[in-house]
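J.: Each chain is listed here by its residues.
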Amino acid sequence: MTLLRSAVLCATLLLSAPALAAEVGQPAPAFDLKDEVGVSHALDQYRGKIVILEWTNPECPFVQRHYGGKTMQRTLASFAGKKVVWLAVDSTSHNTPAKSKAWKAEQGFPYPVLQDQSGEVGQAYGAKTTPHMFIIDEKGVLRYAGGIDDDPRGRSATPTNYVEKAVNALVTGKAVSPSTSDPYGCSVKYGKSS
Amino acid sequence: MLPTVLAAWLLSLTVASAPAPTPTASGALSEGKPRVRATLVSDVTQVEPGGTFRLGVQLQMARGWYVYWRNPGEAGLATEVVWDVPRVTVGPLSWPAPEVHRSPDGSITSYGYGGEVVLFASARAQPDVKAPLTVVATTELLVCEVQCIPARLELTRVLGVGPRQGDAAGSAALDASAHRVPRPPATAGLRVTVRRTTSFVPGQPFEGELTVERTDGSPEPLVRADAFVPERLPGILTVLAIPDGNGRLRLWGKATPDPSTTPPRIAGVVALASGGAVEVSAPFELPPGLAPHSAATQPPRPERTPGLPWMLLLAFLGGVLLNAMPCVFPVLALKAYGFARTVHADNGSVRAHALAYTGGILASLLALAGAVLALRAAGHAVGWGFQFQEPLFVAVLCGVVLLFALNLLGVFELTPPSHGTESLVAAVDHTHGPLRSVGEGVLAVVLATPCSAPLLGTAVGFAFAASAPVVLAVFAAVGLGLAAPFCALVLVPGLRTRLPRPGAWMERGKQLLGFALLGTGVWLVGILGSLAGVDGMVRLLAFLVVVALAAWSWGAWRRSPVLVGGLVLVLVAGWGTLRFTTAPAAMAGREAWSDEAVARILAQGRPVLVDFTADWCLSCKFNERTVLAAEQVQSALARTRTQLLVADWTRRDPAIARRLAAHGRAGVPMYLVYSPARPDQPEVLPELLTLDTVVSALERAVAAPGELGLSSPPR
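Chain order of the listed sequences is A and B. Counting from 1, position 183 in the first sequence corresponds to residue 183 in this note's numbering; the numbering is continuous, with no gaps. Counting from 1, position 145 in the second sequence corresponds to residue 145 in this note's numbering; the numbering is continuous, with no gaps.
Because the hints were derived from the structure by calculation, they are not lab data. Any given hint could be a false lead.
30 Å max Cα-Cα, derived DSS-like pairs, lysine-lysine [claimed, not checked]:
1) A/Lys192 to A/Lys49
2) A/Lys139 to B/Lys33
3) B/Lys130 to A/Lys192
4) B/Lys254 to A/Lys49
5) A/Lys34 to A/Lys104
6) B/Lys33 to A/Lys174
7) A/Lys192 to A/Lys165
8) A/Lys192 to A/Lys174
9) B/Lys33 to A/Lys192
10) B/Lys254 to A/Lys165
11) A/Lys83 to A/Lys165
12) A/Lys99 to B/Lys621
All values derive from a computational prediction rather than experimental measurement.
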């Protein structure tokens, strides 16, 4: 059975990898997801604002490290006064809105946690890790995909925050550089058939 | 020193080394159990001053848990070992070839080790090395099963200094690990070459080849699945390698949107079928003299490239078989009728007809080949029957078919005005001049293209991926095959005498064939309807009425001014009516094909049958109605839980063209059956389906046993 499953998985990659999902420079895949309290969030409704998507999973040590160090909260705070929307997305197949609610209360962050247990939106964006960051500009075009920063081991005292860099480039009309980086962290725990 | 945040994070999640320094530590607690255990190993217990020795960290993972390679892949974190050995220089870490691991849904690939692994390095003691020698190895790793747990393990071991004294157990562990480290190709008697076949543009797809051959030139077989594990490569977002079984890997990938400061390189590990692995690191360049083409439009070459003579033979036989396909049949009947008339005339006249017919076929096929080459040079993806994706072409063809039909029905004659006293036989003769034979040859080709016959798909697919002379040669071979049955009638005298003698029945026969051609016209109108909607169909029918009016006036008056007036009328009407806007495809009720859909369904453990079809493809429609829609097939689909996906090529679609090309085809129909057990090796069914082929292919897809290379995940 393991052999059979592995064979399926191999080929899944072979077949799906050449057609990458979301691409930097292309319109970002549309979505309409409910958050942890049941409020709908569609990408369309945020046209005119910069949208930051953060793939998250409270069980992942990398996410825990960034929340422990308030990386996400501080990054969002640095955009005060700019038209920026931060949406966390949880594609973990076994997580629940209650779990997101508890995590939000514990960490005290202000933004919603979109519930994508089917993994559909995660797959459409090609989200691989938690955290994995995507930045969409005012016109709905994907401008950045990758890690939150250049410090997978949490070792640098002054890591380069790619999300801050990208958003600041977008608001000043400059090209985003880098527009991709290697995301790091736990793999997104998709269900078997998402 | 680590920032306090990280230190707290690590401490909270790991059991670091025991209070007293030990060569062994466990960590990464989950459900109260450590998931990884690390031991510091050395091949000596006593180090010789100035001598070399080896140091390693042996990692033992709990069942189902794994740690990461130096490129963790799409998720995870590379394992890291930091050495602290006073007055000893420790070299870079050696990594055994990694295993490929995939998330349960198959969408996330990572590289690492389950079970046990030893990461090691060679070390050189300075002459002034002090005794006792305290070796400290700090290992930072992420160990994952479903959950991931980071661990930091500090290992300490004290070695003596003096004459070298071996450590048998340590040596054995290090030797075993060294065996698994990829070798440089030269030491394995191999040569690895990497070349690019496309341009390399930021943000764009690229393609290339990686070849592994023995130094004597023979190919080295590679493990089929996951033969290549890449390093993290600057400027490259993803790269995927598909082995073709002959020591060659086709590379597909995508460049990062940001231009890289360094020229692209391909580096990584290639697993060999004979066991072991070799390392690759080479510039990813376009060989001189090879023009780059865009990876987006260029269909990949067929995986197997058999010889040209064999392909020409296939093309010829395919051409012969085309005669029996439903789209050519009306023309065939027409020609047969013409032959019935002429065969009893002298040999010279028959020969002229056969030559004219063959010439018409060859000229139009070569024109088609020229069009294919021109479009290909302009960067378009084209295939067999591509012209039926163009509404204007369908409309004009429909007009021609109508003219042929009206001519057969006697509405008009192309011959000079007759004076009423002609015999029936002479009238028939007039309608069958050599020029007419040329026209029939052209029409046969034009109508033949939406049909694909057995063997033809392979040959044309081969041609479409080949050079210009090969395209021309293959098309010419198809033409000769198409004309062959009539040439046989000429060359084999005995055959001709068996045809019925001409008589009054021929006039009725001719008119009957006119109706058959009108039927062909109905089919063409239907195609246009699917391309351009009801509006397009109405426009075409209006145009056809004008064409018929012009033909009728020529037939009634037979004067040059009438002919000229008729032509002008047709052109004006054409200008006014033949403007089509292509409607979007409606795929209601059928699941549309995409590579993602195939992958998704296979991941559910279900087989997939893909029907590559087009509305203008008669063979496709025939197969769909007589075989795919049949109850036996439908119940076999349900029984095997197979999903039928439809790839509709009625309109241009580069994704479909690429998939056809990947299987060496340039046109529809094509039928692929994917088995979840062998997802990278779909079975290609013949162009003409039978109930048996489909049902047994579906059953094989369910029964097929798994075949795997080195990719079994550590579970």
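J.: Hint by hint, work out which the structure violates, then give me just those numbers in ascending order.
T.: 1, 2, 3, 6, 7, 8, 12
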